[in-house]
Amino acid sequence: MTLVLEAAVLGVLTGGVYALMASGLTLIFGVMRIINVGHGALVVLGAYLSFAASRSLGMDPFVTLVITMPVMFVLGLVLQSVFIRPLKTDREALSVLVTYALALGIEGLLGYFFTANYVQLKAWYDTASFPIGDFRVTYVYVFGFLLCLAILGVMFLVLYHTTFGASIRATMLNRTAAQLIGIDVDRVSAVAFGIGMATAAAGGVVFGITTAFNPGSHYDLISRLLTIIVLGGLGSLRGAIVAALIMLVSEDITAVVISPVWASFVFFVILVLVLLFRPQGLYGVRVRERI
Amino acid sequence: MLQAGVLKIAGIIVLFAIALALPAIAPDPATTNIAVFTMMYVGLATAWNIMGGYTGYISLGHAGFFGFGSYTLGLLLAHLGVAAGYTPFLLVPVAGLATAVLALGIGWFALRTRAATFVIVTIAFMFMLQLLAENLVGLTGGGGGLGFPVPPWSGDYFNTPYYYAMLALATLALGISWRIRRSKFGLGLLAIRDDEDKALAVGVPTRAFKLTAFVVSAALVGMIGAVYGYYVTYIYPQFVVDPLIGISMVLMVFLGGLGTLSGPVLGALILEPAQLWLAYNYGASRLYLVLYAAVFLAVILVLPRGIVPSLTVLIERRRMRTPPAAPAPQQAVMP
Amino acid sequence: MSLLEIDNLSKRFGGVVAVDECSIAVPAGSITGLIGPNGSGKTTVFNMVTGFIPKDTGTVSFKSKPIDGLGPDRIYQLGIGRTFQLARIFPRLTALENMLVPVRRKGLRALFSRADWSDERVRAMEMLEFLDIAQVANTVGGALSYGQRKLLELGAVLMAEPELVLLDEPAGGVNPALLEKIGEHIRRLNSRGITFLVVEHNMSFVMNLCTEVVVLHRGRAIASGKPDSVRQEPAVLDAYLGA
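Protein chains in written order, with my numbering: chain A, 11 to 301; chain B, 698 to 1032; chain C, 3 to 245.
In short, the hints are calculated from the structure, not lab data.
Check before you lean on any hint, since a few could be wrong.
Simulated crosslink set (SDA-like; lysine to any residue; CA at most 20 Å straight-line) [what the hints assert, rightly or not]:
| id | chain 1 | residue 1 | chain 2 | residue 2 |
| --- | --- | --- | --- | --- |
| 1 | A | K98 | C | E128 |
| 2 | A | K98 | B | G872 |
| 3 | A | K98 | B | P1001 |
| 4 | A | K98 | C | P93 |
| 5 | A | K98 | B | V1010 |
| 6 | A | K98 | A | V152 |
| 7 | A | K132 | B | Y861 |
| 8 | A | K132 | A | R185 |
| 9 | A | K98 | A | F145 |
| 10 | C | K228 | C | R94 |
| 11 | A | K98 | B | L998 |
| 12 | A | K98 | B | D891 |
| 13 | C | K228 | C | D240 |
| 14 | C | K183 | C | S206 |
| 15 | B | K705 | B | D891 |
| 16 | A | K98 | B | L973 |
| 17 | B | K705 | B | L1008 |
| 18 | A | K98 | B | R1002 |
| 19 | A | K98 | C | G31 |
| 20 | A | K98 | B | V999 |
| 21 | C | K183 | C | E128 |
| 22 | A | K98 | B | K705 |
Modelling step: build the complete structure from the supplied sequences, incorporating the hints.
Spelled out as structure tokens, the structure:
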């Protein structure tokens, strides 16, 4: 029983980081109607940037965020303007291919500079832990979770309490209507993409501390993130968070109760169940496009 | 008009004759190896186009069907104790049938959602298949891989039967694709792509049609995967349920022209030799992926509609410029 | 005898009641007009009848059989066609191909309807000629003018020989000359036995064309009957001119 409880706690903690990564992904979909299948690669990029910064500058991984988040944000603006904005026709389909290509390119570059060896972000306190009942919880997981909460909190604040956040939400609800009332949807899209990238950077740090990774890790990551946003409902931030928690807790409990090998399977079992009973996801809306 | 039609048919016959005679024209194994892979992708691209090109539903998980076909044939051969040689080719349709059944199941779920979610679900199912291949060790050999019986053919001749098998499958895929295009079913698929709700409003049974296209597309890919497995004689989960194979076939169709008949063929003929050349020269270093990504991005940003449609538009424009033989028709009352 | 019977149909979207216990009877062989101020629920009724959105309560019967819960494709195959407020055709298919898409047979049997292929083409060309747009048969839908699209849309819907056709604002965005032609087409098709239910704002068009009229206001049917009597009912005048 303690094992299950421990697994649940771990699930919530790691669920936080997946929630952060998934929220960036779903925000990008909501604003730009594109599926950024390169999001996993962007997280890995963030992790590697932090890796490089902490290694060469001797910084604590969490502190590197001060550098990596702005860098990734700007990179996001650039990528969006160069590769995604030019897509006019067949946007949804082509953007999948473009972001996939970007992911491959990033994987290639990372492999070139860092080789295919697995690495992990290190902090001097990463084995320190504190007890909860019968088991121990490592501090890094908690810090990571708190970081995710903080960033998600900021995101919600911006979205719901600033004018720019309102323009983002307006664009998500109805792009054409937003344009008609004078919102610069291109700028909103670029910033949304930048925000997505920044959250990927933050997610990258926590991911990189808790998991060993190499350039190829983005495949596994993106398949999970995509499954999470489908469960949550494409474009719904609330959905992404709830779904991430559900998925990760289920996965960690399955690892303990059945076996670690089949734990990732839970993702797909849940996906199948969602598709059966509620294809639009937990917080999604059944869409009948134009009537 | 008639001239264009006759030219087209003549061109196809010539191309097919060349394809048939290729192993005789260029018998060295390096060339026939390229021919096997190129013909493989001609088939894969054409098969993928039946779903992605005609209906507009982009599947990024077709590599799963490719791998499934591979494993099915490998397991069949192992359990039935079939000797290496020509007989395994006869079991390829069985792999296709098995893949069709799998696609029916996956498609039933995947098509309960709209096109955007569909892409994601196909990706998810592909990774699930890869996981299964890795973890059902007793069945598939897991990470250790699965072996195929190796035919006793001599060095120079070895590639030839595989080439003809791939050619046969590519021809089958093209034939089916052509037939579909000319049928009411095909029109329904294209209608779904243009405006799915409007298609429903005029009675098109969109779910049944989409599912059928998906299953046909998957079965063909499964058969091609089976021949591939037999060709390379040993398969591993991550190399046969390989997202890069899945994305390559998509890129080839986009390059050649989504939804056209010759587009996928053209795309494969251009990209696969290029891909093999890149892999040969840069495969060891990670730069291979970067170069591939660069080519990819260039194709999509420069030629989003693909070569064949862009060419068709160009030709149309040139034809419009030549003055008409007869005076322009009376303008109708139409606004 | 009512071809289409809508009984106490209701639909709300969140807090907004779009259709409120609406009952309409469409007599067979009629051209029934469905009018009402903007926001009175006319298109929502159409969408529920044709299976595009689910209803909350009420029943819809076609030829005395309930058609609730059926998908739009089944409803079309049963014999109810519809056009859209903004004419919808398939832009990448030619006009002729647009005419050949509609499906009569159910489910997978539709896949194998190759037997009628050449017959269908002949019928399609005849319909295009009937509508005076045969000259654009090989032009892609996207290149057609709006008027041509409207006619093409109607022609395609008629390919499966529906018994009932729901027209959503056939006069929308159309010049007077074309409008008159459309009216003529509808009358001729009606004399061949097709029943029409027409949503329209153009009053003179409705009054000249329709044999019955139903007035919707705030999701309810507040009047029905012959055009001349309905236009004089105080409730109707109130609805149009009132707050």
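Item checked: Index of numbered hints that the structure contradicts, given in increasing order -> 1, 2, 6, 7, 8, 9, 10, 15, 16, 19 and 22
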